[in-house]
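Colleague: Top line first, the protein sequences correspond to chains A and B. Residues in the first sequence are numbered from 1 upward in steps of one, following the working numbering. Residues in the second sequence are numbered from 1001 upward in steps of one, following the working numbering.
No lab work stands behind these hints: they were computed from the structure. Just so it is clear, the structure is predicted and the values come from calculations on it, not from any experiment. Be careful, since some hints might not be right.
Mimicking EDC-like on lysine to aspartate or glutamate, the simulated pairs with C-alpha atoms at most 16 Å apart in a straight line are [stated by the list, open to error]:
(1) B/Lys1096 / A/Asp59
(2) B/Lys1096 / A/Glu79
(3) B/Lys1060 / B/Asp1081
(4) A/Lys65 / A/Glu79
(5) B/Lys1096 / A/Glu56
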Amino acid sequence: EAAVTQSPRNKVAVTGGKVTLSCNQTNNHNNMYWYRQDTGHGLRLIHYSYGAGSTEKGDIPDGYKASRPSQENFSLILELATPSQTSVYFCASGGGGVDTQYFGPGTRLLVL
Amino acid sequence: GDQVEQSPSALSLHEGTGSALRCNFTTTMRAVQWFQQNSRGSLINLFYLASGTKENGRLKSTFNSKESYSTLHIRDAQLEDSGTYFCAAEPSSFSKLVFGQGTSLSVVP
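If we strip away everything but chain A, and leave its shape as in the complex, we get:
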């Protein structure tokens, strides 16, 4: 079974502060993804990456940056956190092409 871990699992931040969410996968997958889940919206894609050094905008990228420094690690960065970014964030990895995506356990972020 593919292994994707996220840290922190829970985070409380203040409005205007910087937040970094981290994701690590040990599956040697090329692709990694960040989604957020809000009530009534299912999961929505924020940013994704095809490999180390690459980041691409997903469907809702505004207010977020991403960083893929290595095959294993993919970070989501909120430079100036806002209360509207309160959500549950999921990281996923996949081999690319026609392939299953595997999800991490999620990070609950509360922006006050």
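Place chain B on chain A using the hints.
Modeller: Okay, now just chain B, sitting in the frame of chain A:
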């Protein structure tokens, strides 16, 4: 944009009974995944299909890309099947997932 319409939004089943969940797609999708989200919020992979039908225990899923739909059948429902079920489809263009809104399933004695 790409859309996935999932139904029903909520479902209640008595133990031992069964039902079907459905996702309709408004654009061509090359694959679909089904997940169960449990009470802790974890997303559990159930199926990945690029075509046809797969079965695993009491669950069976079908993906028909030409007719733009996928179904998840649950039979002999158990209490532990309760949770929210999501379908997520891959557009033909590239490897991203577009999620449905989810079906909240409650299995009662």
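Colleague: None of the hints should be skipped; say for each whether it holds.
Modeller: Structure-based check of all given hints:
1. B/Lys1096 / A/Asp59: Holds: B/Lys1096 and A/Asp59 sit about 10 Å apart, inside 16 Å.
2. B/Lys1096 / A/Glu79: 25 Å, violated
3. B/Lys1060 / B/Asp1081: 14 Å, holds
4. A/Lys65 / A/Glu79: 8 Å, holds
5. B/Lys1096 / A/Glu56: This hinted pair holds, its Cα atoms lying about 11 Å apart.
Checked against the numbered hints given earlier, the structure breaks only hint 2 and satisfies all the rest.
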